[in-house]
Amino acid sequence: MRTFLIVVGITFVVWAAVIGLLYVLGRRMTAAKLARAIPDVLALFRRLMRDPATPFGSKLLVGLAFLYLVNPIDLIPEFIPVIGPFDDVIVTALVLRHLVKHAGRDAVTRHWRGDPATLATIFRLAGLGAGAA
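Under the working numbering, the first residue of the sequence shown is numbered 1, with each subsequent residue one higher.
Calculated from the structure, these hints are not laboratory results. There could be a bad hint or two in this list.
Pair ranges (Cβ atoms, derived) [claimed, not checked]:
no. : residue 1 : residue 2 : range
1   : Ile80     : Arg50     : 15 to 23 Å
2   : Pro39     : Asp87     : 18 to 26 Å
3   : Leu61     : Thr121    : 18 to 26 Å
4   : Ile80     : Pro52     : 35 to 43 Å
5   : Pro77     : Gly127    : 19 to 27 Å
6   : Thr3      : Ala53     : 28 to 36 Å
7   : Arg46     : Leu94     : 34 to 42 Å
8   : Leu42     : Ile76     : 14 to 22 Å
Even glycine gets a Cβ: it sits at the ideal position worked out from N, Cα and C.
Taking the hints into account, I'd like the entire structure generated from these sequences.
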């Protein structure tokens, strides 16, 4: 439990640092969207894990992705400014892409509680097209 709390704390600090950097660089809207997107994506994954209609393989993949995201050993270390979180973003995008293909875009959209425009952006960044969010 202690390790989990440390990892959550480190993740929060990195997330806050990126948001702060975007804010300082004048990218206030991007910073605000990022600030809201991460908790929304985590909530989306949690809701899809609890949905009985989500295929077991997809739930397993979300669990493995979560383990990768909280693992302190990454392909690109988190302490490297700006590019440190990229591997985590790529893993998240790949898992989201898998979820859309296997659980369905409508399931992902139904479980999304954030801004629909942010979900459309996430779909686009994951290579899924904007679609109807």
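Check each numbered hint from earlier against the structure, then list the numbers of those it violates in ascending order.
-> The structure conflicts with hints 1, 7, although it agrees with all the remaining ones.
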